[in-house]
Amino acid sequence: MKFKTIESRDGQPNATSSRSTRFLGLCLALGVPILVLFAFVFSPKDDTMDDAVRLLYVHVPVAIFSYIAFGVTAMGSIFYLWKQSRWWDTTAHASAEIGVIFCGLTLVTGSIWGRPTWNTWWEWGDVRLVTTLVMFLMFIGYLALRQVPATPHVRAKRAAIVGIVGTINIPIVNRSVEWWENSTLHQQSSLTDGNLEDLTLFTWFLGTLIFALAYVWLMIHRFRVGWLSSEHDALGYGAAIEERKAEAGIDTEAQAQASEDGGPQ
Amino acid sequence: MNEGESSIDLTPRVTTKSSLPRWIPGLVLLAVALTIIGLVWFLATNSQSFLEADQAVAEREQLGDKRFQLLGSPISSAGPEQTLIIGEAEYTFFTITFDDVYVDVVSQGTPPDLFDQGVPVVLEGRWESGPLPSKDYVFLGGANDGWWFAADRILVKHDNDYRKDRIDDAENRGQPDKSPDS
Numbered sequence: 554m555k556f557k558t559i560e561s562r563d564g565q566p567n568a569t570s571s572r573s574t575r576f577l578g579l580c581l582a583l584g585v586p587i588l589v590l591f592a593f594v595f596s597p598k599d600d601t602m603d604d605a606v607r608l609l610y611v612h613v614p615v616a617i618f619s620y621i622a623f624g625v626t627a628m629g630s631i632f633y634l635w636k637q638s639r640w641w642d643t644t645a646h647a648s649a650e651i652g653v654i655f656c657g658l659t660l661v662t663g664s665i666w667g668r669p670t671w672n673t674w675w676e677w678g679d680v681r682l683v684t685t686l687v688m689f690l691m692f693i694g695y696l697a698l699r700q701v702p703a704t705p706h707v708r709a710k711r712a713a714i715v716g717i718v719g720t721i722n723i724p725i726v727n728r729s730v731e732w733w734e735n736s737t738l739h740q741q742s743s744l745t746d747g748n749l750e751d752l753t754l755f756t757w758f759l760g761t762l763i764f765a766l767a768y769v770w771l772m773i774h775r776f777r778v779g780w781l782s783s784e785h786d787a788l789g790y791g792a793a794i795e796e797r798k799a800e801a802g803i804d805t806e807a808q809a810q811a812s813e814d815g816g817p818q
Numbered sequence: 014m015n016e017g018e019s020s021i022d023l024t025p026r027v028t029t030k031s032s033l034p035r036w037i038p039g040l041v042l043l044a045v046a047l048t049i050i051g052l053v054w055f056l057a058t059n060s061q062s063f064l065e066a067d068q069a070v071a072e073r074e075q076l077g078d079k080r081f082q083l084l085g086s087p088i089s090s091a092g093p094e095q096t097l098i099i100g101e102a103e104y105t106f107f108t109i110t111f112d113d114v115y116v117d118v119v120s121q122g123t124p125p126d127l128f129d130q131g132v133p134v135v136l137e138g139r140w141e142s143g144p145l146p147s148k149d150y151v152f153l154g155g156a157n158d159g160w161w162f163a164a165d166r167i168l169v170k171h172d173n174d175y176r177k178d179r180i181d182d183a184e185n186r187g188q189p190d191k192s193p194d195s
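Chains A and B, in that order, are what the protein sequence lines are.
Residue 608 in this note's numbering sits at position 55 of the first sequence; the count goes up by one each step and never skips.
Residue 88 in this note's numbering sits at position 75 of the second sequence; the count goes up by one each step and never skips.
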């Protein structure tokens, strides 16, 4: 696979950006201040929650995109096990890293929300909070497993299994507020119940759009870093073999000719 | 084997040993499996469960002095006349309701900022009977049946409604405006 990236004189890419990612990055750079403006200036305070309601514009989008990111990891993992394709493994890995960041942000912003709203930073018995923490830890485990030395295929296969298993928790986290209504302080979905309106709804939508752009932008860059890294690894193996043969003084072309002539392998 | 290959040094090279032992992947997989088991166990047995006020009243005898979490909506906001300093401790007196069943509450400390009429709360504490910390106190519109809930923690279970008209809507439906069963 070849990317349209910035290339140095030796023909090797020295950045992961391309025209499309730079455009995406520009949209993001322009979108974030607009979101901040809507979140802090144009959108109204809530009658009971006051300014704490503004956390909606970050907390809900990052939660949604952590589900999506881990869902993409599961999809990449399934396709890797099926097709054994490095592309899918790199996709799963990249998405898991971004998902962990988004899920971490979900936990932090949720905790900041909880103090003024619920009167507590954290509740260990709360179903929504604990299942979200478990989801976060599962994908930390996924990333840790990828750091364990192994051949690329073994590493990808192990990670794919954990990636698929970890995703089982996503519907539990998402539906926990409905399934265990009396076991969580967390509210049910405002959006599906039609309980957001006017500028609050618009700003929430803008926030979701901005975090969607952020996810896509990060995903493309992280995928490219992962792909180039695996290319480098593959290049490293090839180079090592060639180096070893060179040390032994083997003429690879002559050897290839010999094998074609039916000589000993 | 040709001449070229016979000259290859087949002695394994000394490689830098990985700092991570080989059993690490097994350990990670075990941790994942234990996490799943722990999650199922937590969801099945150990997660908190709020008792709604009507349920808590019905099960009062069985609950005895067991500590539990009580869910209901205050029938009024906490005014200054409801907060009393007795000895060195500050107590707040209020009543919550769920499905038209009322429970009188005596809570230690000041209620949280979002404590308000109709906003569902989760109280941690236990049933008490007999005289209140302030013996002559009467709960306005409360149960006043000799039983009260001694709470030492108030959590607010905020609803998911952020519409401007929600308070008017709730008032039109009749108070308490945002009871958990509405």
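Be a bit skeptical, because a hint or two may be false.
To list a few chain B residues with every Cβ distance to chain A over 10 Å, as calculated [to be verified]:
#1 Pro38
#2 Leu76
#3 Gly77
#4 Pro125
#5 Leu127
#6 His171
Below, a list of computed lysine to aspartate or glutamate pairs in the DMTMM-like style, where the Cα atoms sit at most 25 Å apart [claimed, not checked]:
#7 Lys177(B) - Asp786(A)
#8 Lys177(B) - Glu750(A)
#9 Lys710(A) - Asp786(A)
#10 Lys177(B) - Asp751(A)
#11 Lys177(B) - Asp600(A)
#12 Lys798(A) - Glu784(A)
#13 Lys79(B) - Glu676(A)
Per label pair, the in silico range of CB-to-CB distance [stated by the list, open to error]:
#14 Arg80(B) - Trp635(A): 27 to 33 Å
#15 Asp112(B) - Trp640(A): 25 to 31 Å
#16 Gly143(B) - Asp600(A): 26 to 32 Å
#17 Val585(A) - Gln75(B): 50 to 56 Å
#18 Val778(A) - Asp112(B): 24 to 30 Å
#19 Gly791(A) - Ala44(B): 33 to 39 Å
In case anyone wonders, no lab produced these hints; they're calculated from the structure.
Note that beta-carbon positions come from the ideal geometry of N, C-alpha and C, so glycine has one too.
For each hint, the structure was consulted:
1. Pro38: With a cut-off of 10 Å, Pro38(B) comes too close to chain A, as the shortest Cβ separation is near 5 Å.
2. Leu76: holds, 16 Å
3. Gly77: Gly77(B) clear of chain A: closest Cβ-Cβ about 21 Å, beyond 10 Å.
4. Pro125: Incorrect as stated: the minimum Cβ-Cβ distance to chain A is 4 Å, not above 10 Å.
5. Leu127: It is violated; Leu127(B) is separated from chain A by about 6 Å at its closest Cβ, not greater than 10 Å.
6. His171: violated, 5 Å
7. Lys177(B) - Asp786(A): violated, 58 Å
8. Lys177(B) - Glu750(A): holds, 8 Å
9. Lys710(A) - Asp786(A): holds, 17 Å
10. Lys177(B) - Asp751(A): holds, 10 Å
11. Lys177(B) - Asp600(A): holds, 8 Å
12. Lys798(A) - Glu784(A): holds, 21 Å
13. Lys79(B) - Glu676(A): holds, 20 Å
14. Arg80(B) - Trp635(A): 27 to 33 Å: violated, 51 Å
15. Asp112(B) - Trp640(A): 25 to 31 Å: violated, 56 Å
16. Gly143(B) - Asp600(A): 26 to 32 Å: Hint violated: Cβ distance 39 Å, outside 26 to 32 Å.
17. Val585(A) - Gln75(B): 50 to 56 Å: holds, 55 Å
18. Val778(A) - Asp112(B): 24 to 30 Å: violated, 57 Å
19. Gly791(A) - Ala44(B): 33 to 39 Å: Roughly 35 Å apart at Cβ, these two residues keep to the hinted range, so it holds.
In terms of the numbered hints stated before, the structure departs from hints 1, 4, 5, 6, 7, 14, 15, 16, 18, listed from lowest to highest.
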